[in-house]
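Asker: Residue numbers (UniProt numbering), protein chains in the order written: chain A, 1 to 345; chain B, 1 to 345; chain C, 1 to 345; chain D, 1 to 345.
Bear in mind the hints are in silico, worked out from the structure with no lab data behind them. A few of these clues could be false.
Because identical chains cannot be distinguished in the list, a pair is counted as satisfied if it fits within a single copy or across any two copies.
[Unchecked claim] Simulated pairs of lysine-lysine, BS3-like, Cα-Cα distance not exceeding 27 Å:
id: 1; residue 1: Lys130; residue 2: Lys226
id: 2; residue 1: Lys213; residue 2: Lys171
id: 3; residue 1: Lys2; residue 2: Lys213
id: 4; residue 1: Lys281; residue 2: Lys116
id: 5; residue 1: Lys231; residue 2: Lys192
id: 6; residue 1: Lys96; residue 2: Lys169
id: 7; residue 1: Lys281; residue 2: Lys213
id: 8; residue 1: Lys130; residue 2: Lys281
id: 9; residue 1: Lys2; residue 2: Lys226
There are 4 protein chains.
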Amino acid sequence: MKRVKIAIIGASGYTGLELLRLLLTHPHAELVCVTSRQNAGRSIAELFPRFSGATAAELTFITPDAESVAATGAEVAFLALPHGVAAGYASSLLEKGLRVIDLSADFRLEDPEVYKEFYDADHPAPELLKEAVYALPEVHREAIQQARLIASPGCYPTSVSLPLIPLLKEKLIDPATIVTCSMSGVSGAGRKADLSLIFCECNESLRAYGIPKHRHLSEIEQELSKAAEEKVYLSFTPHLVPVHNGIHTTSSARLIGEPEAVQAALEQAYGEEYFVRLLGKGGCPDTKNVTRTNFIDIGWNYDPRTCRVLLLSAEDNLGKGAGSQAVQSFNLICGFSETAGLQNF
Amino acid sequence: MKRVKIAIIGASGYTGLELLRLLLTHPHAELVCVTSRQNAGRSIAELFPRFSGATAAELTFITPDAESVAATGAEVAFLALPHGVAAGYASSLLEKGLRVIDLSADFRLEDPEVYKEFYDADHPAPELLKEAVYALPEVHREAIQQARLIASPGCYPTSVSLPLIPLLKEKLIDPATIVTCSMSGVSGAGRKADLSLIFCECNESLRAYGIPKHRHLSEIEQELSKAAEEKVYLSFTPHLVPVHNGIHTTSSARLIGEPEAVQAALEQAYGEEYFVRLLGKGGCPDTKNVTRTNFIDIGWNYDPRTCRVLLLSAEDNLGKGAGSQAVQSFNLICGFSETAGLQNF
Amino acid sequence: MKRVKIAIIGASGYTGLELLRLLLTHPHAELVCVTSRQNAGRSIAELFPRFSGATAAELTFITPDAESVAATGAEVAFLALPHGVAAGYASSLLEKGLRVIDLSADFRLEDPEVYKEFYDADHPAPELLKEAVYALPEVHREAIQQARLIASPGCYPTSVSLPLIPLLKEKLIDPATIVTCSMSGVSGAGRKADLSLIFCECNESLRAYGIPKHRHLSEIEQELSKAAEEKVYLSFTPHLVPVHNGIHTTSSARLIGEPEAVQAALEQAYGEEYFVRLLGKGGCPDTKNVTRTNFIDIGWNYDPRTCRVLLLSAEDNLGKGAGSQAVQSFNLICGFSETAGLQNF
Amino acid sequence: MKRVKIAIIGASGYTGLELLRLLLTHPHAELVCVTSRQNAGRSIAELFPRFSGATAAELTFITPDAESVAATGAEVAFLALPHGVAAGYASSLLEKGLRVIDLSADFRLEDPEVYKEFYDADHPAPELLKEAVYALPEVHREAIQQARLIASPGCYPTSVSLPLIPLLKEKLIDPATIVTCSMSGVSGAGRKADLSLIFCECNESLRAYGIPKHRHLSEIEQELSKAAEEKVYLSFTPHLVPVHNGIHTTSSARLIGEPEAVQAALEQAYGEEYFVRLLGKGGCPDTKNVTRTNFIDIGWNYDPRTCRVLLLSAEDNLGKGAGSQAVQSFNLICGFSETAGLQNF
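Please work from the sequences and hints to get the whole structure.
Answerer: See below:
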C-alpha cells in the first residue's frame, strides 16, 4: 500500500509528541522529516525515549526551513507551531508543492479582523484564508477532502462545537443562552518550563483561567454562528485540572421545542460517525474512556426545572482535540480510510 | 480558658476525619467521645495513624447510642452521619440536653416536602425543622448564636450560595439565568469501598455526575430564593476530578445594572468577613490556596459580549464545605472567637 | 492472514482490560469469547466504554465454564483469573484442546511445595506443572514456542529478573547480596472495591507492603537460582505509589569482576531483543516511557564506594508485566511475528 | 508570652513556604522580615495567596542584605537559600548578633574536604564549621540548645539516618551491608521553572536520579559513621514520584544478633521522643500520615531468609525533612517547648 511521505514541523511539544506517536505507526505514512529549532541534531528517540524502537525513531530533528523540509521529499507537512509562526511556514511549504495540515490557530478564522481582535496581531498571511479549510471532519468532510491547506481545530473548539452544532442547526436551543464550562488537562498548556505548570503548582489544584475571552472563543463562535445562521456569542470558562490529557466540556442552553428532538438531532448528525460516540440521554462521558484515541463521547440531559438542555462531551485534548483529528484529516486528503492509524484504544 | 466537652458521632469518614483534625487541637474543645459502629473498640490513632500523638488520640470509638454519648459528659455533639440517620440521633441528643451540630442534610431544608422530593423519604423528624438553623455563618450569624440545633450546609451549597447571595439580594443578576458548574475532589464522595472511587477509576478521569437534579440543589435553591425574594431554579452540574479535596465553582448569570455594582455588593456582604477572601474583578481562585482551611476565595468577572457576570469560588469541600464551617458554628454557639482553632494555613 | 480464535477468561479486571485493549486490535487474533461471572450478559463496550467502536466490542460476557468456552471455537485461552482458580480452568480447557496462556501464579512455580509455602494451599493441578513453561520470552523463547500451557510471569518478577539474570549467569554479582526495591502503580492491586485502594487513600501516599516475603519472591528466586546455578534468596520490598500503571525496580548487588563486564553481559543477553531497551551505564529508566507498551527499559550504574552494581528497570505492570507479555507469548506459540499487535507507543 | 523576632531569608521556594506556614502562626515567633531577591516589593499574601488573612501576610519581601535584615530587629534568621549562597549570609548575620538556622547544606559537613568532594567548590566559610551544630534534635539535642549556628539536616538524611543510627550505635547491623532506597515528592526538587518538573513530565512517572553519589550521601555517611564509630559507606538510590510532598525510605542491612534487639534499640533511642512514632515490627509507615507535620514514622521488619533487617520511614520532606525540623531547633535554641507551633495534624 502506498505510503505518503510526511514531515512534522515543530515536533518537540506535546502536540508534536502525539503526532509522532500516531504517525510513527501509521500504515500509510512514512515520516521523513521532523524539525525543532531547539533540538536540531538530536534524534526522536533521544528527545522522546518512549519512541525508541519505532522504525523512524532514529530520524534526526532538523532546523525548520522550507527548503530543507522540501528536500526530504515530504508531500504533506503537519505544523505543530505557535500561532503567528505557523503561517509563514505554511506559505512557503505550499509554494513548494506540499499539502499543509496546520494545527495552530493561524488559518482557523475566516475573517482576519477577528484574528486581530483575538490574537492582537495582524494576520500573517491573509491571502491564504480563503483556501484554508476548518477541519472538523464530521462537519466539513467534503471540503477537507479537496483541501491543500488544512486548519485543524483547537482542543476546546472541538469539544464545544461538535455537541452544539446539530442543536443549533435544528434550532433546538436558544443561541443567546449558551453557557459552557470546560476542564482541560495540563498538557493543553504546552511543554514548556513555566513555574505555573510545575507539578506542585498543578497537582491538587483547580482553577479557571483565560476568562472571559479565551482565544478559542473566536473559532467556536465562528462555527456555531454558521450552524445557527446567526451571530452566536458564548459564555465560555476553561479550567485547568490535574490530569495529563483530556477535556471535559459541559454546555447548556434553553431548549426550544421537545427534549426528544435532541437525541434525534445528534443521531442525524453523528449516527454514522465512527469517532463520535453518542451516549444518549443520561450518558455521562468520562475522559478516561477517550484518552489517546480520536473519539469524542457525547452525552446529554434535559432539566425541566430550568428548561435547559445539558450537553456533555469528553475528548483527548491531544487526540481529537489536536493530533489524531489532524491525522483524520490527513487520511481524508490522501484518500485513505478515515480510521487508518486511528483504531487504537 | 473554658473547654467545652464535645462528641463526634460518626467519626470514621472523611468529614469525621477533618472534624477530628480540627477539634483535637481546638483551644476550647475537649474531645470526650467518638463513635463509629464499625470501628467500636479501636482508638482514634489506630484508625487514623495521622493523629497518633494528639492528646485525645487514644480515645476509643464507641457504638453510637444517645445514652452512652450523654454519659461521657459531652455538651455539644457533631453529627457526621448519613442523611436519614442523623435526625434520630439529633433528636435523642437534644433531649439529653446536648447542643447538636449536624453535618448531614437532615435539617437543612425548611420544608419537609422538599426533603421528600429530593431525598425520596419522609422527613424523619419534621418537628425539629423549625428550630434548626441553616448555618452559613456569613449569612445567618445571629440565628446561629442562639441555636440549639445547627444544620451545617453542604459542600456544594456553600461554594455556590456565598458568591450568589449578595448579587441576588441586590437584584444585580437575573435569577432565571443562573448556570453553575462545580468540580469536586474525590473525598466528597465519602470514605467507602466503592469500585467507582478506586484510584485507577478516578485518576486521569474527568466526569459529570448527579445531573440534572443533584440533592444539594434543594438547599442551594432554598437559600438563593430567600436572597432573591422569589423562587430561584438553578442549572447545576457537579463534576468529579482527581484531587483529594477542594471544590471549585463557576457560576454565571445575566447582569442587571452596572458591573461596578458587583464588587460593591460583594464587599458590602463580605468585606469584614475573615473567612471570605475577595479576589476582586479578574481574580481566579485556586483550590490549592484554601485546602485544609476554612477560607472561601471568591473572584469575579464580567463578559460584556454575553452580558453575564462570572462568579468563581474555591473552598475545601471538607473544610468550609463541611468540617471547619461546622467548627465555625461551634465557636459561635459557644461564644468563642469565631476563628478559634481555625487559623491554620 | 490467518486469525486465531481466542478467549479471555476473567476479562473484567485490569489485566483483562489490557488484554482486551491489545487483542481487540491484534492483526492475527479474533476475539470470540470473554467471560466474567459478575458481568455475564453485559457487552465489552458496556463494561469498558473505552472499547466502544472496536470490532468485537459488542461481544457479551458469558459465565466461565470450559464447555461454553470451547463451544465458541476458541483455540487459545488467556486466563486472567485469581491464583487457585486459574488451574482448574486451565486443566479443563487443555482437555478440550485449547492452548492456555495463564496470567495467574498457578503454573509459574516448578515445585508444588514452594507453591504451598507461598500461597498457603496445595497446588490445584500439580500434574500440569511439568508441562507448563515460565514465559519470559527473552529467557525461555524456545520452550515457549512449543508450549501448550504458558505460565506468564508476574509483574514484579519480570521487572526484577530480566536485569539480574544476565549478571547472575555471568557470575558478575554475588547472589547473596542482592537487594531489590520496587514501586508499583495502583492497578497492580487489581480492580476491586477495597477501602485501601480508593483515590483518597492512595493519592499523595507512599508505602511499602507485603514484606518481607511477597508471594512473587517465589518465582523471582526460582528464575534467579536457575541463572545463578545456586539457590538465591532475595531481599525484596515492593511499594505502592500513586500512578495508574508502571513498575520501577532498583536492584543492587556486590560486583564480582570489572564494571565494564556489566554492559557486555546485558548486551549479550538483550542486544537483539526488541522489547528490552538498554539505556547503558548512567541510564535512568522512567515508567512514563513504557506505559501501555511491551517494553522494559534497563539502565545500570556502578558505585565504586560500595562496590555495588545498580540495576534500574521500568515496565508497565499491565504490559510487559502482564498483558502484553502474554500476547508476546501468544505470538510465539502461534508462529506470528513476535511484535505483532505490540508495536504501539 | 515572649515572642522572638524572626526573619526568613529566601522565602519564596517550597521550604520558605513551609517555614512561613509554620511561623506565621507560631505562638512565640513574630515574623518581622522576609526576603526574596526576585519578589522584592511584593507581599507574602501576593506571592502565596494561601496566607492571605494571616497576621503578618502583608509583610513585604525585601532584597536580602544583612544590614536590612538586622534593621528589622530580627533575632533569629532562617536561611532557605541554595548551598554556597547561604554561608555568606550566615556569616554576616551572625556578626550582627542574630542566631542563624540554616536549611542549606553549607554547615552540615564537619570536614570542608567532604564539602568540596560533594559540592564541587571550596567551602565558603570553613571558619564557621566548628561552631555549627548538625541539628537532628533527637540525636544532638543538647548541642542544639547551646548553638548560635544551626545546620538543619537535609530531607533524605533525616529519613535515612534516624532509623539507622540506633542500630549502628548498638552494633546490631553490619555497616558494610546497608542499602537504601528513597522516594521523594516533587517539592523536593524546588519551586523552579524546569521542564523536567512540569506536571506532564512528573505525573504518571517513576524514576531514579542522582545516582550513585547523591550529595546528601555526604551528611548521611557523616552521621552514620559517628553512630557506628567506623567509616560507613552507603548504597543510596533516591527516586522521584508523583506526590507533592513526603519521603519514604526503605533501608536494609544484615542483622548482627537477635531480631528482638531491634525494637529495643529503637525504643531506647526514641521511646520518649514526641516526633518519632515507632510503628513496631511489621509496621509500614505511609507518607499520607505525616504530610504537613513534624513526625517521622518508623516501622521495621526482619527477613530470616536473607538475615536482613528492614527499616521503613515516612516523613514530610518539607516538614521533618526541612521546615518543621528547623522550627523544632528554633524552639530548642529559644528555650520554648519543643512542640510549640508544631502540634498540627
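Asker: Decide, hint by hint, whether the structure agrees.
Answerer: Against the structure, the hints come out as follows:
1. Lys130 <-> Lys226: within (16 Å within a copy, 54 Å between copies)
2. Lys213 <-> Lys171: both (25 Å within a copy, 25 Å between copies)
3. Lys2 <-> Lys213: neither (45 Å within a copy, 52 Å between copies)
4. Lys281 <-> Lys116: Between. Shortest inter-copy distance 25 Å satisfies the 27 Å Cα cut-off; intra-copy 40 Å does not.
5. Lys231 <-> Lys192: neither (36 Å within a copy, 44 Å between copies)
6. Lys96 <-> Lys169: neither (39 Å within a copy, 58 Å between copies)
7. Lys281 <-> Lys213: Answer is between: at 14 Å across copies they meet the 27 Å cutoff, but 31 Å inside does not.
8. Lys130 <-> Lys281: For Lys130 and Lys281, the Cα distance exceeds 27 Å both inside one copy (39 Å) and across copies (39 Å).
9. Lys2 <-> Lys226: Intra 37 Å, inter 49 Å, cutoff 27 Å: neither.
Consistency note: the structure conflicts with the earlier hints numbered 3, 5, 6, 8 and 9.
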